[in-house]
Structures are given as C-alpha cells and as structure tokens.
Amino acid sequence: MAKTPSQEAKTGWLLISPPAIYAVLLLAAPLATVLIYSVMTGGRGVVGLPFTLQNFTDLVQKPVYLSVMQRSLLVSLLVTLTTVVLAYPIAYFVSFHVSPSKKALWLFLITIPFWTSYVIRVSLWRTILGYNGIVDSSLIGLGLTDEPVNILSNGITSMIITLAHAYAPFAVLPIFVSLEKVDRSLLEAGQDLGESRLMTFIRVTLPLSMPGVIAAVLIVFIPTVGDYVTPELIGGGKVPLIANMIETQMLKLQNRPVGSAIAVAAMLVVGIVSVVFVLLNRRFIGGSK
Amino acid sequence: MKRSPILGAYAVAYLLFLYGPILILPLFAFNDSRIVAFPLSGFTTQWFGEMWADANLRKALGNSLIIALSTATISTALGIFAARSSVRYRWPGKAVVMGMIMVPLVLPEMIVAMALLVVLLTIGVPLSIFTIILGHVLICMPFAVAILTSAFQSLDKSLEEAALDLGETQISTFQLIVLPLVMPGILSAFLITFTISIDEFIIANFLGKGDPILSVYIFGQFRFPAKVPSMLALGTLLVLFSICMLAIAEYFRRRGIAKTGGKDSGGFL
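As you go down the protein sequences, you meet chains A and B in turn.
Just so we're aligned: the first sequence equals residues 1 to 289 in our numbering.
Just so we're aligned: the second sequence equals residues 290 to 558 in our numbering.
Pulled out of the complex, with its shape left as it was, chain B reads as follows (with noise of 0.2 Å):
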C-alpha cells in the first residue's frame, strides 16, 4: 500500500467532521450545566433522570416502537415479495414496476408526503399512527428491497433446483431452502428499516394527527433551551441503539453472505 500523509490526515479530519455532531452528545448529555457550551463543568447524571420523568417523552416513545415495528414487518415482508420476484423471474415490465417501487429512494421526501397527505385527506381518511405507517412502509421498502435483492442474488439456483427434483413442492422448497438461507438478508432488512421508521421526521410529522412521536417530539423540544440538555441524553441513547441495531445488521449481511460462500461488497448502499 503506498503511503500519503497527506491524504491520511485528511481522511482523520473527515472523520472528525463527520462524528463530531455525534461525539458531543454524550460530553454533554453529562455535563452538569444546562448551557450547552465550554468549558465542561462537572459530570451529572441529572438529564438522564429528567428526560426518563418527561410522560410525554415515554408516550411518544412507545407510539415509535408500534409505528417502527409495524413498519419494519410489513416493509420487509413486501421487500421480500418483489426481491424474490425480480431476482429469480423474468416478467414484462419489471424495469417500470421495480422502479416504482425503488423511487421514494431519490424523490424528495416531503414530496412523498405531501401527494399522500393530500389523498388522504380529500378522500377523508382520518389521520393517526396508522396513515403513518402507511408513509413509513413506502419509504422504506426500497430499502427493504435493495437488501433482500443482493441477498437473493446470492442464493444459488441449483440448490433449489436439486430440492424440486427430489419431490418437494414449490412451497416446501422455498421454506426449507430459500428462507432459511436468505433469513439473515431478512433480518437485517427489518433492522434497517426498524432505524429508519423510527428516526424519520417529515411523514411522522404530517400524516399523524398530533400523538407525540419520537422525531417529532425532538424536533419541538430543541426549540427551548432549557430542554436541550435532556434531548441530548436521549440523543445519547437514541445513537448508541441505532448503532447497535446496524452493527447486528451488519453482521447477519456478512453471515448471509459467508453462508451462500458469495464475496464481500462492503456496506448496505
């Protein structure tokens, strides 16, 4: 490998200003001072109490558990129809339909969410957790998608091909083969879309009809000084578990890989 101290110092400062915003929350989710600023004035644990006794904050805590559950077993289930449609059959029209399916990916997000707002309002559908949901699923099947694709590609065709011929079924093929096989695929598809359902702000904020949610709750408490500290806390938290939840992710992505003997391509985009 050649050697470029430049370029390597470089590639740290990149680092730092991709990780600061993200280092200073936990220095000052601890810090024993309700101004966010230097010099650090002792080590308290306080905002962590303060944020757990906000009712508000817990109530708006598990309504994005239900909406990111809900979203991360239906995105993924449909990820699963048309990964395994795309990569396994040839059809008509599978490069509009895939397209379709894939393009929240590029389109701007309060786009998707206002032509949806916009529908459900004017055929009368009553906001809630649930119209949130809907949203969610839609942005996060592509990511679903993407996914379960490379974990299907991996899957070697004869292995299925072998099982049929030895008189299973369709059916019993598929689950005693494929699923097994791409189940790491699976989860980390419902992983990813679990983190993003629950990190997600503008759908959350326009289709729900005003139920504290997680994103949305962050986003009106930064407002107020005094409560920054505690957001901080739960910031805290909040990145340590998404992290968590990738690193687990990441892991069963290579598992599968390793499992159907393809090559490592690095990460999930």
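Chain A on its own, in the form it takes in the complex (with noise of 0.2 Å):
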C-alpha cells in the first residue's frame, strides 16, 4: 500500500488545509493588515495614504510613547530575570533530588496553578498587596509594623510581583527537560576527577542545561511584553504597558496606524532582543547532544 510520495504529498496538503486555511485567514491576514496600517497616515476611524514612516518615528521621538516601551521592556526583562532564577532551583530539585516515580506528581503540582483563571490570579494578587489587604492585615497582625506597606501603591513592584507567579510553570518546564537530559555519569567523571559539587554545577551542569534557560528566557519575556491584565488591574491603568497603549490608540483614540505601529514596533522589539539573546549564547545551543 506503499504511497508515492507526490500522494502523500496531496494527502497531507488535503488534511492540513482546514486548519492552514483558518490561521491564514484569522492571524496572517490580520497581521498583515496591522503592517500595511503601520505604515499608513488617519487617526479618528480613517485609514489612508500615502504611506508613511512618521508613525514610527514619532514612536522614538515623542517621551509618551518611548516611556511606555521602556518600562515595558524593563518590567518584562525584571520579571523573566525574577521568574528563570527563581524556576532554576525548582527544576534542578525536581530533575536531580526527586525519585523518577514522583516526578510527574511534581510536574503537575507546579504547573495546576497556570491551568485557573489569569483574571482571578491577578485579581488576588490585588487584594494580597493592596491597602489593608492581606500582607498588611499580617504585618500588623504579627506586629512587625504599624502601617500599611501598601505594596500595590509601587506598581512596577507589584507588576513584577505578580507577572512572575503567572508566568512561573513556564521557566519551570523547560530547565527541567533539559535538566533531565544531562549525562549523570558526566557528573560522576567530574567529581572522580576531583571537582567539588559547585565546581560540577557550574562547569557540566549549568552549561549543559543552558538550552532550558534559554527556552525558559523566551517563553518568560516574550508574553509578558505584550500583558494587558496585570498593568490594567495592579497598576490601576496608571502605569500602563505596551498592550495598554496600543488599546488607547487603536479604541479609545481610534488611530489605528499609530496603534499597528506601536504593535509592530513591539513585535520588532521582542524579536531583536529574542535573537540578540539567542545569538549570545549560540555556544550552548547544539552543543550537547
């Protein structure tokens, strides 16, 4: 029942093309669209010609937009430096101090908390930091201060806070796989050979695990550049981010090239640092087997 190649071919295009259609029409065609915008002139509901870069670079000139982008970026980088270093320890006791038949109970156990609801997540989060809320009521209950902290009041704080539990199954999961794939007799060799087990660590383990982190950096930063929830409900749409800007200009101001500009600008943003990142550490990369 051997197929020639050009029917497998004709066979697959066929299955794969419900699906390839729909992501055609519903995500390539509207990011396209948001590049053609990007470069085009309107505000107030019209788009037009001619084709223009003013949108972009009124995003670097005017303070409004660049402020914006900069915290952005500085929150997002904060929280995936917070979330990787926090995930590394987690992954590396599960992969090395864990019996094999209790690993995937652990698994699950860290990454439940990412199946319920963001919006309620978040929300908590709220009524955790905010004025007499609960790390207050606590505080004060155990008597190490008399007035509210209101952590909530510093929202880059609290932003980083919360971005970090959300996004924390997803450091978690991939240092662990790589963490399971290096070669423990690599670790005996060092420790025969006279190494102490820090010298180990940092010499075969972390290197060797590195394609995790990296994998865990992306997955960590890429996402939170773009969050809309936690800006909107813990900084109380007083500190907006990216996505918030991009809500005012395309709804509230209804400018849709600026909106598309700021859009793929922050697209183009995660992208060259992802790859500068990548480029970076190209040396860990493929290395291992």
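All the given hints hold, so there is nothing to weed out.
Partial selection, computed: residues in chain A whose CB lies under 7 Å from chain B:
(1) P89
(2) H97
(3) P223
(4) M250
Have a look at the derived ranges for each label pair, beta carbon to beta carbon:
(5) D321(B) - L66(A): 46 to 54 Å
(6) P381(B) - L186(A): 37 to 45 Å
(7) L206(A) - P294(B): 19 to 27 Å
(8) I537(B) - T157(A): 33 to 41 Å
(9) A515(B) - H97(A): 42 to 50 Å
(10) L465(B) - F51(A): 53 to 61 Å
(11) T157(A) - L329(B): 22 to 30 Å
Derived BS3-like pairs (lysine-lysine); straight-line CA-CA distance at most 25 Å:
(12) K446(B) - K10(A)
(13) K238(A) - K62(A)
(14) K10(A) - K383(B)
(15) K252(A) - K498(B)
(16) K498(B) - K348(B)
(17) K516(B) - K498(B)
(18) K446(B) - K383(B)
(19) K516(B) - K348(B)
(20) K516(B) - K238(A)
(21) K252(A) - K62(A)
(22) K103(A) - K181(A)
It should be emphasised that the hints constitute simulated quantities derived from the structure, not laboratory data.
The beta-carbon is built from N, C-alpha and C at its ideal position, and this holds for glycine as well.
These two chains come separately, so use the hints to put the complex back together.
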C-alpha cells in the first residue's frame, strides 16, 4: 500500500488545509493588515494614504510612547530574570532530588496554578498586596509594622510579583527538560576527577542545561511584553505598558495606524531582543547531545 | 536519591508561593466579613448565595459555556486534522504551515486580538459571541495540536497497515483503529481547550459586543471592594472546576499513552 511521495503530499495537504486556511484567514491576514496600517496615515477612525514612516519616527521621538516602551521592556526583563532565577533551583530539585516515580506528580503540582483563571490570579494579588490587604493585615497582626505597607502603590514591584507568579511554570518546565537530558555519568566523572560539587555544577550541569534556560527566558519574556491584564488591574491603569497603549490608540483614540505601528514596533523589539539573546548564547545551543 | 534539606525547603517555599493566592480563595470565600484581610472573623456561605443571586453572573456563565463548548469542539477538530497530517504524512512546506498554526503560543495575545479586531471592524463583521469564538479557536488550536501530535506520534503505524492489508478502506481504518487509540488524546485536548477558553480574558473583552462573559465580568467586579467576597466564592468554584477538568484530562492522557504502549514523559507542555 506504499504511496508515492506526490500522493502522500496531496493527502497531507488535503488534511492540513482546514486548520491552515483558518490560520491564514484569522492570523496571517490580520497580522499583514496591521503591518500595512502601520505605514499609513490616519486618525479618528480613518486610515488612508500616503504611505509614511511618520508613525514609527513618532514612537522614537515622542516621550509619551518612548517612556511606555522603555517601562514595558524594563518590567519584562525584570520579570524574566526573577522568574528564571527562582525557577532554576526548583527544576534542579525535581530533576536531581525527586525519585523518578514522583517527578510527574511534582510537575503536575507546579503546572496546576497556571491552568486556573489568569484574571482571578491577578485580581487576587491585588487583594493580597493592596492597602490594608492580606500582606498588610498579616504584618500588622504580627507586630512587624504599624503602618500599612501597601505594596500595590508601587506599581512596578507589584506587577513584577504578579507576573513572576503567573509565568513560573513556563520557566520551570523547559529547564527541567534540559536538566533531565544531562548525562549523570558526566557529573560522576567530574567529581571523580576531583572537582567539588559546586564546581561540577558550574562547569558541567549549568552549561548543559543552558538550552532550557534560554527557552525559559524566551517563553517568559515574549508574552510578558504584551501583557494587558496585569498593568490594568495591578497598576490601576496608572502605569500603562505597551498593550494598554495599543488599546488606547486603537480603540479610545481610534488611531489605527499609530496603534498598528506600536504593535509592529513591539513585535520588532521582542524579536530583536530574542535574536540577540539567542546569538549571545549560541555556544550553548546544539553543543550537547 | 540524594537528600538536600536546603533545596527541599526551597521547593516547599516555592510551592507555597505558587499556591498562596489559590489557597486564599476558599479561605476568604467562607469568611464572614466583607473586608478581605486577617484576622478571619467567622464561617459563612453568604457569599456563595450572593454570587448565585446575581442574574448577570448567571447570564455570563451561560455565554461563557456556549463559547467554551464551541471553541473546544472546533479547535479539537482542527487540531485532529493538523496533528494527523503532520505526524503521518510528508509534504513540502510543513515547517512553515505548522509554524503558522502554532505561532499564537508565543505571540502576545493582545497583538493577536487587536489584529483580528482591526480586520473584523474593517470588513464590517459585527462583534458578537461568534467573533469571540473565532478568536478563541485561534489561540486554543496550538494547544490541541500539541496534545494530539503526541497522541498520534505514539500510534504504531503497522497497526494501520495491517488493517489496510486485511481489506479495510482508509476511512474505515481511521474509524476502527486510529480513532479509538487516539481518543484519550482527543478528550484531553477538548478538556484543555475548554478550560483555556473559559478562563481567557483579552479576546473575550475586545472581540465581544458587551454581552456578559465570565472572565470579563470577574475583571469588572474585582474593582468594587464590596463585590470581592462573592467573586472569591466564584473563583473558588472555578478553580475547583479547572482542577477537576485537568485531572480528568491528565487521566485520559496517561491512559492514552498506556494504551499505545508508550512511555510517560511528563505533563502537557
């Protein structure tokens, strides 16, 4: 019943066409539209010619846009750093210190919070960190402070805590997968040759697990740049990030070219940061089996 | 196994951080005070009653269920096509097409939602529950494809070939052999996409026409301190529901792997 390659390709194409057509119509075409809108002129609901790069030069020159872009990038980078640094030890723990039969259970435990409503989790952080909220009332109850701390009033800190919590499983899983692939005999060899535990970790385990760390960084960094709910609920709209600025331009001001330009610029910046990061770490990728 | 008390303690602290907010839900959902702060003041089920008495909330729940059921059905069906095609057949351009289907996984959701919204408004499609479903299918499909790909991958090709040799047609082979074996994967994909859709906020918020949707409704209500306790009650139920769905999905996924004789390689992601 062996099929010729062309027949096989035909069947494959036939099968893939419904999801592929769906993705082309509802994803590729809209993204292309945004790309085209970003170099057009308009405002107040109208989009028209001529083509222009004005929208992009505005983004770089006007402090309103630039400060939001910088803040978004800063928040995302801090969230990524926090999340990945906190996630590494737990991934290491599950990979090296948990018996194989219990690993699946641990991973399941780590991923469950991710599957519960994002809006509810973010809103909960609001009640936890807010003025006279759970943190404040606990600290006062324990006699550690007299005044409410009101962490929520510091928008950036609260956003970092909330996002680091939300993206934790995304960071743990790829690091865990790469740690699982580390050949355990290499570690024994290192120690047999007189290296300390710590040096073995730094010189063998860490470099071999870098592909997972790189994946974790990208998986956390990319979506956090576009996060909408957290700045809206935690920052109370006072510390807008890129996603909120896109909303303002697209819907409130009805300026689709500028809104599109911000979206495109955000994707570009994310793309460039990701590529640079991967290039900086390229010696770690593909080096291990 | 090596024992490391420091790492062990860290792991426990990390789990507490992960579960902290979720544990707070039931604690304050049953707490007899409108103010969400320590010390706890007594046990009550008042907030659950208040929550259920809210007609808007019931309407939002109804809308969300319609959206989630439609989304799960369509994205799982499309996922079956994509997974079957990419696992079983070789065809040119696979990397590009599969990449395009999977890309919503890594694209900021706001950008997906805004791009879709701009196009819908430009061509004049009125926003409704239907447009929310369109958007949800787009972001749920990659999850369905990922789960179903691993289900189809653990399928032994020789079983199909045997059925074909014994005179079954392509279609009857798919019905008799392939479908039953990947059924656990299909159920698991359905449950996961259902859960994602019911929790999703950005698309539900921007692609709808203002009909109450559960996640959007919760987002709005949390702004009013007086409404927070009944939202915590609702949250408690939703989290319980999500965990049940996940546990069932995980059960089916494992049964699927056991059925096809594969090796368990961990969670969904």
